[in-house]
Each structure stands twice: as C-alpha cells, then as structure tokens.
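Each chain, written out:
2 protein chains.
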Amino acid sequence: MFDNLLADLLQKNETKALLVVSDGIGGTTVNGRTELEAAKTPNLDALARRSSLGLHRPVGYGLTPGSGPGHLSLFGYDPIKNQIGRGILEALGCGMAVKRGDLAVRGNFATMQNGLITDRRAGRIPTEKCAELVAKIRAKVADIDGIEFDIKAAKDYRFAVVFHEPSLKDAVEDADPQQTGLPPRPAVAKNPDSRRSAEVINRFIGAVNEALADEPLANTCLVRGAANSPDILTFEEKYGMSAQGIAVYPMYKGLARLVGMQVPEGLTTLDEEIAWLKRTYNDFDFHFLHFKYTDSAGEDGDFDRKVAMIEAFDAAVPEFVALEPDVLVITGDHATPSSMKLHSWHPVPVLLAGRYAFEDDAKRFTEREAANFGILGQLPAQELMMLVLANCGRLAKFGA
Amino acid sequence: MFDNLLADLLQKNETKALLVVSDGIGGTTVNGRTELEAAKTPNLDALARRSSLGLHRPVGYGLTPGSGPGHLSLFGYDPIKNQIGRGILEALGCGMAVKRGDLAVRGNFATMQNGLITDRRAGRIPTEKCAELVAKIRAKVADIDGIEFDIKAAKDYRFAVVFHEPSLKDAVEDADPQQTGLPPRPAVAKNPDSRRSAEVINRFIGAVNEALADEPLANTCLVRGAANSPDILTFEEKYGMSAQGIAVYPMYKGLARLVGMQVPEGLTTLDEEIAWLKRTYNDFDFHFLHFKYTDSAGEDGDFDRKVAMIEAFDAAVPEFVALEPDVLVITGDHATPSSMKLHSWHPVPVLLAGRYAFEDDAKRFTEREAANFGILGQLPAQELMMLVLANCGRLAKFGA
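From first to last, the protein sequence lines are chains P and C. Heads up, the first sequence is in the numbering used here, so the first residue is 6 and it goes up one at a time. Heads up, the second sequence is in the numbering used here, so the first residue is 6 and it goes up one at a time.
These are calculated hints, taken from the structure and not from any lab test. Fair warning: this is a prediction, and the values are worked out from it, not measured in the lab. Take these hints with a grain of salt, some might be off.
One copy or any two copies: either way a pair holds, since identical chains are not told apart in the list.
Derived lysine to any residue pairs resembling SDA-like cross-links, with alpha carbons at most 25 Å apart [what the hints assert, rightly or not]: (1) Lys45 - Glu242; (2) Lys174 - Asn287; (3) Lys283 - Trp350; (4) Lys402 - Asp331; (5) Lys141 - Asp179; (6) Lys346 - Arg229; (7) Lys368 - Asn36; (8) Lys21 - Gly67; (9) Lys157 - Thr123; (10) Lys86 - Asn207; (11) Lys346 - Lys402; (12) Lys174 - Phe403; (13) Lys86 - Glu242.
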C-alpha cells in the first residue's frame with residue numbers, strides 16, 4: 006500500500022540529492038564520549054549548524070544490521086521483508102552483477118577421490134588458483150541447460166555463481182555432505198517450485214566435475230546458500246530518480262547494483278570517489294557515495310583510528326557541500342562502536358541539509374547533539390528517503 | 006514473522022539482566038514539577054548520569070494501561086494482541102497459577118430463594134466467610150466432569166475459578182441475570198467452539214449449589230468474565246533467558262507467572278524482595294522485581310507520599326547496582342500522576358545501564374531529563390526487551 010501511495014505522490018523535477026554514507030560512523034560512549042565527539046570535525050560542525058539532525062534506527066530496536074540490511078534501509082527498502090541470502094551476499098561481495106530474481110549460490114572447490122569427498126576445501130588452495138579454476142570453468146561451460154550464469158572467484162577456495170533466470174527459486178538444500186569421507190550430496194529442492202533450481206545446480210556441479218577432471222586437488226565443488234535476490238523495484242522505479250552508487254568495496258557496489266543504481270568500477274580512494282562524483286554530478290538525480298574506513302577502524306576496536314578516519318571524512322565534506330545538492334544527507338548504515346569491535350544496534354546520527362531543512366539547535370554532527378537537539382528525532386532508517394524526496398519537492402500533497 | 010526473526014537471532018551467553026519496575030512511577034506536572042522531580046533521588050541521579058534514558062509508551066499514544074498490559078509490554082509481549090480477560094485478571098489477582106490456555110472465570114456468591122436470585126452478593130459476606138465457602142466447595146468437588154480446577158476466594162463475596170483444560174474456549178456469556186428477582190441465568194456459548202465451556206461452567210454452578218445447599222445466604226453463585234489466558238510463548242521460550250518475577254502483590258506475581266517466570270511466595274516488603282533477589286541472583290538469567298507503593302500513593306492522589314515512596318525506592322537502588330547486572334533497567338509499567346489519582350497514558354521514564362549503554366546527557370531519572378536528553382528517545386515499551394537483549398549481547402547480527 007505504501008509503495009502505491011508513494012507512486013501516486015511522486016512528481017518529477019530537476020533536483021539532485023546526495024546521500025553520503027560513512028560506514029559504521031555512529032558509536033557509543035567510551036569514558037563519556039564517542040568517536041564523533043572526540044574527533045575535530047569543523048566542516049561537519051559548520052554543516053550541522055545549518056541542518057536538521059536526528060538519529061536513525063537501521064532495522065529496529067536492538068537489532069544490529071549487517072551491511073546489506075543497513076544499506077537497503079537507507080535506500081528506503083524494508084530490510085526485514087527483503088532479506089539478502091548467503092548466495093546473493095557472496096555474489097555481491099565478489100562484485101558480481103545481481104539482478105532482480107537472480108539465483109545465486111556460494112561454492113567451495115573440493116577434492117573427490119573414488120566417489121568420496123576427501124577435502125571440503127581442496128587443500129585450501131589460494132585465491133589465485135581459485136581464479137584460475139574459475140577461468141577454466143568459464144572457458145569450458147557456456148551455459149547450464151541454456152541458462153546463462155556468471156561465476157567469480159572469492160577468497161581462497163571459495164567462489165560465487167549467479168544464474169540469470171528469474172524462474173529459479175531458492176528453496177534448495179545445500180549440496181554439501183558437510184564432512185569428508187562421504188559421497189557428494191546433490192542439491193535437493195525443499196518444495197516443487199525449486200525442483201528446476203536443484204536440477205540446474207546439479208548440472209552445474211556435473212559441468213564443473215567435467216571441466217576440472219584433470220585437477221589433482223580441486224576436481225569438484227560443493228554448493229551452498231542458494232538465494233534469490235530480493236524482488237524489489239529498482240531505485241528509479243521506486244522514486245523516479247536516476248541513481249548511481251559510488252563505492253570502493255565490492256559489497257557496497259553490489260548493494261547499489263541490487264537496487265538498480267549505476268556503479269562505476271575501478272575507484273580505490275575517497276578522493277577518486279569524489280572526483281568521479283564531480284565528473285558525473287549532472288548525469289544522475291541521486292548519488293550515493295560510500296566511505297568505508299570509519300567502519301574498518303571501529304571493527305578493529307581502534308578508537309583513535311576511528312577518530313582519525315572521521316577527521317579524514319570531515320575533510321571531504323566541503324566537496325559535497327560545494328556541489329550544492331538540493332538535499333545532502335550524511336549518515337552511517339549502522340554504528341560500529343570501537344569499544345565493541347562490531348556493528349551494533351545503537352541509533353546512528355543523520356544530518357539533512359537543504360533549502361527547506363529546519364536549522365535546529367544541533368551544533369555538531371554527534372549522537373548526543375542529535376539526541377538533545379535534533380528536529381528529526383529518532384526515526385527508522387527506512388523513512389529517510391521520504392524526507393529526501395520531500396525536501397527535493399518530489400512529493401505532491403497528500404489529499405486536498 | 007518478527008518472533009521468528011527474534012528466534013533466529015537469539016544467542017546464549019552468561020549475561021544477566023535486572024528489570025526493576027516501580028509501579029506507576031511516572032507522573033505529570035503539578036505546579037511545574039512531577040513527583041520524580043520533587044523527590045531527592047541521589048542514587049537514581051548517579052545512575053542516570055552513566056545510563057541511557059528515554060520515555061516509553063506502555064501500550065500506545067493516549068492509552069492508559071491497566072497493570073496487565075503495562076507489564077506484558079515491559080516483558081515484550083504485544084498487549085493489544087494478548088489481552089487479559091476479566092476472569093484471568095481476577096485469578097491472577099487472587100494469586101492463582103494460570104497456565105497457557107487455561108479458562109478462568111470470576112464469581113460472586115449469591116442468594117437464591119424459590120428459584121429466584123434474591124441477592125447478587127449474598128449479603129456482602131466478608132472475605133473470611135468467602136474463604137470458608139471456597140474451602141467447603143473444594144472439599145466436596147474434586148473436578149468438573151473430569152476437568153481439574155482451582156478455586157480461590159478474592160475480596161468480600163468474590164472468588165475466581167481456573168479450569169485447567171486448554172480446549173475450553175472463552176466465548177461464553179455471563180451466567181448472571183444482572184438483577185434480583187430473576188431466575189439464575191445459565192452460561193450460554195456465543196459460538197459452537199465454546200459449548201463445552203458453557204457446559205462445564207453450568208456443571209460447576211450445579212456443583213456449587215449442591216455443596217452450599219445448607220448455607221443461609223451464599224447458596225449459589227453467579228459466574229462472569231470467562232477468559233482464556235493469552236496463548237503466548239513463555240519468557241524463556243521467547244528470549245532464551247530463565248527468569249523470575251519478584252513481587253509482593255498477587256497481581257504482579259500472577260503476571261510474572263503468566264509468562265512462565267518463577268515466582269517466590271511470602272515476600273512482604275521491598276527489603277525482603279531485595280534479600281531474595283540477592284540470594285537467588287545466580288539462579289536466573291533475568292530478574293523482574295516489582296515495587297508497588299509509588300503507584301498506591303499516586304492512586305491515593307497523595308503527591309507528597311508518592312515523593313516519599315520514590316525516595317524509599319531510591320534508597321534501594323544501590324542494592325540493584327551492587328549486583329552488577331550486565332543490563333539494569335529501571336522504569337514503571339505506566340504513569341500514575343497523583344493529580345489524577347489514576348493510571349494515565351503519559352510516557353514513562355526508563356533508564357538502561359550497561360557496558361554498552363550510551364552515557365547521554367540526562368542527569369536525573371525524571372520525565373523531563375529523559376525528554377530533553379535521553380538517547381533512547383520515546384519508544385514503545387514492547388521494544389525495551391529488544392534493547393535488553395542487544396545490550397546483553399544476546400542478539401546476533403541481522404544479515405551480513
């Protein structure tokens with residue numbers, strides 16, 4: 006119902022929005038202050054003074070989101086209804102293109118001798134060997150029963166496969182005996198709708214066995230985590246805004262692609278991301294830009310490095326402001342308190358700047374200032390896109 | 006679906022949580038201040054400085070909860086989906102054990118002459134006489150048609166009955182003619198599923214009539230408020246935490262039992278409750294402790310006595326802190342403003358202390374400080390348990 010309401014109210018205009026996600030930027034207090042409070046952030050401070058602040062809950066009270074649900078929420082999709090299964094996640098992490106309805110699986114290269122699995126990791130072959138095996142399969146196997154597929158090496162002995170056929174459903178048990186000394190276990194459908202998927206996966210395994218028959222270690226594969234990509238509208242279908250996602254890491258590029266954003270390849274630093282953003286600023290209505298290192302420092306439990314990463318991020322803020330987007334949102338996809346070395350459930354500060362943004366009393370971009378003075382209050386992350394659209398003038402009046 | 010999500014994310018560890026409910030502790034302003042603001046609460050103040058504060062809505066905006074929904078919400082159950090009918094409430098108030106699916110009714114002893122009800126309250130017999138009649142019934146009636154039941158005297162001429170048979174459904178009209186001079190009205194099922202319940206209730210009335218045939222006043226009974234106990238998971242099933250409920254008054258012991266908590270008997274003061282808590286602290290993962298007198302004073306409309314009761318409660322706070330629970334939550338089940346002499350809909354302050362709790366700027370445990378500075382914001386009471394679990398490290402990450 007909500008999507009219909011949204012569709013009914015959407016109106017087009019020339020506005021542009023920029024969503025900048027500093028991954029895991031929120032935290033909790035250590036000796037009374039968070040990383041954001043400890044950091045020197047003159048640019049964020051100046052922006053906060055003329056913005057609306059608030060705190061968002063990525064998924065729900067007490068729920069700690071992974072990167073998938075954290076970003077889906079920021080993009081305005083229900084992260085509980087649209088869960089991202091293991092196969093899809095592995096494919097995204099490998100930087101593979103995943104389209105609506107695709108079926109993805111993760112695989113291990115493994116060793117089979119005399120019809121028994123003798124090593125579930127093929128002697129823990131290195132990533133380079135894995136890539137070589139994947140290329141060998143790719144060269145020998147064009148499709149599975151007419152179904153196009155992509156295959157890509159992940160880390161070590163792992164790889165991911167995406168089958169581009171939306172009729173393939175994901176209720177398939179793992180094709181993995183789980184222990185050595187047993188014969189391979191074929192994929193089995195959990196219900197009739199997924200029989201064709203099990204068949205395709207088993208044919209894929211057969212094709213791999215044939216392609217790798219002369220390999221001493223990696224002569225078969227185990228396949229797990231069958232998952233369909235969420236059946237969701239693209240970002241542009243949902244909001245009427247053309248969109249791109251600018252990120253360095255494959256996972257975030259994959260998540261942007263999952264909602265149909267255009268994604269540039271080959272960027273390796275924040276400077277390069279910003280240079281790309283500037284160059285392509287006129288080409289899209291909506292830009293999502295992802296900065297990773299606040300999260301990395303938090304996950305390492307390094308308070309001081311997280312502070313330094315926040316300061317590095319702060320230094321880039323004038324570049325975002327200089328583009329004069331109609332709406333600029335700065336936030337995180339979740340908190341990553343360095344005291345926990347993990348993602349967490351804590352609410353995440355969010356800043357919204359724009360012509361019609363209320364200039365509240367929050368003077369810094371911190372959790373505390375947002376809690377004490379933020380006019381946005383606490384809100385579900387999923388609602389942020391509604392505020393973006395409204396501040397862009399892209400939502401018509403509801404009712405007369 | 007949400008309960009499945011919760012079940013999927015739960016993980017076990019050795020943490021302990023303590024939920025202390027000071028009944029009706031919230032209020033509204035009288036001459037500009039609430040009872041909590043007027044009270045001297047050095048211990049709560051000190052704790053508030055290192056805790057996260059917020060305001061919870063027990064059931065919903067504008068909704069004034071009874072004790073039942075107030076506590077079910079704090080325990081994380083939906084108080085609207087899981088309503089507690091009159092029969093169950095009376096049984097809980099009598100201190101009876103109520104299990105999932107039980108059918109409970111409330112009764113009046115009454116006088117019947119020549120086939121007509123001549124007094125619906127049997128001359129308002131005193132509680133002692135009521136207990137004597139209940140004992141007489143209990144001695145003569147072992148079961149109703151093979152169904153085990155418990156019966157207990159309430160106040161004056163009232164009693165409660167619990168039938169331990171989960172197939173008995175509660176759509177049964179009151180067996181009460183509502184006025185004197187009429188013949189007794191049998192229980193009538195409102196739908197076919199409850200026919201057996203009506204039959205059992207009518208047989209129960211028949212058995213009472215027989216057992217009390219020689220009583221001059223209380224020679225029959227009227228039966229009302231047939232209600233099934235809510236069909237809910239126990240607290241331990243829902244959260245994977247063993248739990249006890251420590252309370253003085255039967256109603257709160259009954260509510261704790263309703264969700265499957267262990268409940269000690271015979272405690273009569275806060276000191277005894279705390280002594281019990283200390284003695285059994287290692288025996289449970291979760292402890293709920295109930296303090297009644299803040300509510301009583303509020304219901305009496307006595308601002309100063311409510312202040313004094315808050316101060317008495319404050320004096321006990323160091324005992325809770327000394328146990329060093331991983332998560333300590335202090336709150337009320339609803340507000341009871343002394344200016345209203347009633348429960349109210351006002352949001353209730355809540356304090357959450359723990360290793361990962363954000364130390365916000367709230368310096369006192371008051372409604373105002375929570376509103377101005379509380380990082381928890383305003384939240385549904387039902388979500389508090391999610392924060393307890395998260396702060397205990399008992400919820401795995403959602404999605405990768």
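Evaluation of the provided hints:
1. Proximity of Lys45 and Glu242 under a CA criterion of 25 Å is satisfied in neither setting, with 40 Å inside one chain copy and 47 Å between copies.
2. For the homomeric pair Lys174 and Asn287, neither the shortest alpha-carbon distance inside one copy (39 Å) nor that between copies (48 Å) is at most 25 Å.
3. In this assembly of identical chains, the alpha carbons of Lys283 and Trp350 never lie at most 25 Å apart, being 33 Å within a copy and 30 Å across copies at closest.
4. Taking the shortest alpha-carbon separations for Lys402 and Asp331, only the intra-copy value of 19 Å comes in at or below 25 Å, while the best inter-copy value is 35 Å.
5. Taking the shortest Cα distances, Lys141 and Asp179 sit within 25 Å of each other inside one copy (24 Å), while across copies they are farther apart (64 Å).
6. For a Cα distance limit of 25 Å, the shortest separation of Lys346 from Arg229 qualifies neither inside one copy, at 28 Å, nor across copies, at 57 Å.
7. In this assembly of identical chains, Lys368 and Asn36 lie within 25 Å of each other by CA distance both inside one copy and across copies; the values are 21 Å within and 16 Å between.
8. For the homomeric pair Lys21 and Gly67, the shortest alpha-carbon distance between copies (17 Å) is at most 25 Å, but the shortest distance inside one copy (33 Å) is not.
9. For the homomeric pair Lys157 and Thr123, the shortest alpha-carbon distance inside one copy (24 Å) is at most 25 Å, but the shortest distance between copies (68 Å) is not.
10. In this assembly of identical chains, Lys86 and Asn207 lie within 25 Å of each other by CA distance neither inside one copy nor across copies; the values are 29 Å within and 46 Å between.
11. Proximity of Lys346 and Lys402 under a CA criterion of 25 Å is satisfied inter-copy only: 13 Å between copies versus 44 Å inside one chain copy.
12. When the C-alpha separation of Lys174 and Phe403 is checked against a cutoff of 25 Å, the pair qualifies only between copies, where the shortest distance is 22 Å, while the shortest distance within a copy is 38 Å.
13. Taking identical chains as interchangeable, the C-alpha atoms of Lys86 and Glu242 lie at most 25 Å apart whether they share a chain (18 Å) or sit on different chains (24 Å).
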